[in-house]
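> Listed here are the chains, written in short residue letters.
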Amino acid sequence: MTSNNIVTSNEEWDTIIRPQRAWWDLRLGELWRYRGLIGLWMRRDFVATYMQTVLGPVWYLFSPIFGSLVNMLFFNKIARISTGDVPPMLFYLPGMMVWGYFTTCLYGSAAILFSNVGLFGKVYFPRLIMPLSTMASALIGLTLQAISFIGIAVFFVWQGFDIHLTPWVLALPFYTLIAGFMGVGIGLIFASLTTRYRDLQHFIAPGLTLVNYATPIVYPITFIPDFMRPFVFLNPMVPIFLTPWFQSWKDIVTVCLAAAPRQIPPNLFMRLYLPWSF
Amino acid sequence: MSKVLSVENVGKEYRLGLVGAGSFREDFLRWRRRGQAADNQTASVKDVSSIWALRNISFQVQQGEALGIIGRNGAGKSTLLKILSRITAPTEGIIKARGKLASLLEVGTGFHPELTGRENIFLNGMIMGMTRAEIQRKFDQIVDFSGVEQFIDTPVKRYSSGMYVRLAFAVSAHLEPEILIVDEVLAVGDAQFQKKCMGKMQDVTSGGRTVLFVSHNMGAIQSLCQRVIWVKNGQVMGDGDSRKIVAEYLDSADTTSVLYTPEPNRGYTDLILESALFRDSQGEVAKTFSSGDSIRIEVRYNALKKLPRPNFWVVVESSFGSLFGANMLFDGASPDYIEGQGVIACTFSGIQLMPQRYTVTFGIRHENGYNNYIPATELGSFSIIGGSSAMNMSGDMAHNFFETFYALLVPYAWQLPDGKLVPVNGFRDSKLSTD
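Heads up: the protein sequence lines correspond to chains V and H, in order.
Going by this note's numbering, the first residue of the first sequence is number 1, and it counts up by one from there.
Going by this note's numbering, the first residue of the second sequence is number 1, and it counts up by one from there.
Calculated directly from the structure, the hints in this document are not laboratory data.
The beta carbon of each residue, even a glycine, is placed where N, CA and C say it ideally should be.
Don't take each hint at face value.
[Unchecked claim] What follows is a list of derived Cβ distance ranges for each label pair:
hint, chain 1, residue 1, chain 2, residue 2, range
1, V, Glu12, H, Gln136, 24 to 32 Å
2, H, Gly419, V, Gly121, 49 to 57 Å
3, V, Thr53, H, Thr154, 15 to 23 Å
4, H, Gly321, V, Asp25, 56 to 64 Å
Construct the complete structure from the given sequences, taking the supplied hints into account.
As C-alpha cells, then:
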C-alpha cells in the first residue's frame, strides 16, 4: 500500500451524503463513472444464463419465432386477421422481438430489488446500473433475433415478395431504446411498489397480456375501427409498434401519417416514470 | 493532519409498527379502520410510530486516524455503518468525506461462480468503486497477492474455498480508499483471512489512510485504534482515547446500588446487600482486568440485627460454569458476628483467565451452613481484556476463537515428537529441561 494519493488539505469534499435527493436527481455523473459495470453485468447475465445449455444463445431465437408461428396459426389462419401485404411471418416477428425486449426489461427491473437484496445491502453503487444492465443484456438477444430476422426477410424477398425497407428503419435504435426504457421504467415502478404490496407482482403478467393485445402486434392498426383509433393511442406502447420500418409501400403513407404526430407520448412517459420509481 | 470525514448531526428515523404489512388489502382495511376510528374518537389511533436509531451524531475524523466504534447491540452502530457506506440514507444531517470511501462489510461481493477469476476481479473491483483503469493497473498485484495466477482464467466455481476467499480478499485489499470502513462481520471469516485483514488494516493506517473499525472485540479495538467513539441508544456517549472510552464503556455495564433487599415472605429478613464493586491491585474501582491481575470483590452490607458467625461465599463464573471461589464454610474464616453496616472484601490474586466476561455471585449462609442469610445473588460482572498478541497467542486461529475455547489460562508446555519443548504462558518446571 503506497500513499501516493494523499489528499491536500483544502476544504473540498468529494462525497457528500445527504438525507433526501430531489426526485429528478438521477446523479448521472456518478452513473457515468460506474458505466463499466454495465458491460460486466451484461457478460455475467449472459454467461450465467447460457453456460450449461446445449444450444446456448440459440434459445434467444426460439421464443419469437415460435411465437410468430403460433400467431400465424391462430390469428392469421384461424381467426383470419389479415396482415396486409406483408407476409405473416415478417409481420409478427418484429413485433414479437420488440415486445419480448420490452417485457424482458420490465420483468428484470421489477425483480431488481428482490434478486439483489444481498448486494444492495452490502455495497454502494448507483442502483440504476442494475436495470440498465438488464436492458443491455436483453439487447444481446434482440441483436441475435434481428440478425435472424434479416435472414428470413432476405429469404422472402428472394421468394419474390414486394417488400422494402422504409426510412423509418433509421429510427429503429431509437425506438428500441424507448421500448427498453419503457420496460425499465414500468418495471421499476413495480419494483418499488412490490416492496410494499406483494400482491402487485401477480398483476404484472396478466397486465402485460392485456397490453399486448391492446397493442397492434398481432393485428395491423387498420384492423381497429376508425372511431377507436384515438383511444388506442392512450396505450404508450402503440407508437413504438406502429412505426412502419418494414412494410409494403402502400401502407406506409397512411400509417406514417397516423403515427408520426403521436411519437411524443412514450418519450414523455419515460421521463415521468423513470425518475419517479427511484 | 487534515479532516477527511465530517459527520454533522446525523440522524436516522425508522418507522415502526405495521408499515408495509405486505398486502394491499391489509393496508386498505387499516386505512378504512383508521378513518372510522377518526370519526369515533379523534386522533387516538396512531399505529405508525417511529424510532430514532441515531440522533445528533457528530464527529470528525482526521487523516490517518484509526477510529473504533463501539456500543452494544442495537445501539445504532450498524445503522451508522450503513449510512456511511451509503446503503441507506440518513433522515437528517450531512456527512462529508474527502477521498474515496469504501466499506468492507463483506469480501467477494458480486462474485459469480460461472465467471473466471479475471472477470470476477473486474466485476468485484468495480462494484467496490474502482475504475477499470485502476483495476488494470493493479491487476498483477491482485493476482500475485491472491496466489491463484494459475487459475485466473478458470471459473471461480472450480476454486477451493480457500482460493476463493484469497482472491476476494486480494481485490478488497487493493481498493486503497482514503477511508476504509471495516465491520467485525469480517471476523467470522477464515482465520488466515482475518489475520491478513488485521494486518492490512494496520498497514492502511500507517500508510496515511483512515480506518473506521466497528467491533465488539475490545482487545482488537484497543490494539488497532487510538480513538474510540462509543454509541449508546443512537447517541455518542463518549469520544476520545480508546483505553479511556473502552474502560468507561465496560464500567457502564451495570452500576449497582442495592443488590438485595430482605424478602420476608421467603424467610430472609435480616440483611440488606447495599452495593458491590470490584477493585484492581491499585485499589481503583474497575470492571476490566488483564490476565494475571488481582481482583478485589467488595460488598457493603447492612445487618438489621446481630447475626452470629455468618459464612460469606463468592463464586466467579463464566459461560463454562463455576471457575473458582471462596467460601468461609470451608476455610473457617467467618467473623464472630456482624451487626449494622459493614464491608466484606475478598481478593483473588493473579487471576489467569482468558479474555471473556465473568460474573460474580455472592451469598451469606447461616452458621449452621444450611440456611441462608442472603441467597445466591449476582454482584455483577467484569471483563478480562487483551487481544491475542497480549496473550502471546500467535497461532493461525488466535484472532477469532482462542478466547472462547476455555476460561482458565494455565501455563503449559508442548513436548513435540522430536523432544523439543514449547513453553506457553510463562511455563516453568524444573523437572523438564528445555534443551
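> Work down the list of hints and note, for each, if the structure agrees.
Structure-based check of each hint:
{"no.": "1", "hint": "V:Glu12 <-> H:Gln136: 24 to 32 Å", "result": "holds (28 Å)"}
{"no.": "2", "hint": "H:Gly419 <-> V:Gly121: 49 to 57 Å", "result": "holds (54 Å)"}
{"no.": "3", "hint": "V:Thr53 <-> H:Thr154: 15 to 23 Å", "result": "holds (20 Å)"}
{"no.": "4", "hint": "H:Gly321 <-> V:Asp25: 56 to 64 Å", "result": "holds (59 Å)"}
The structure meets every hint from the earlier list without exception.
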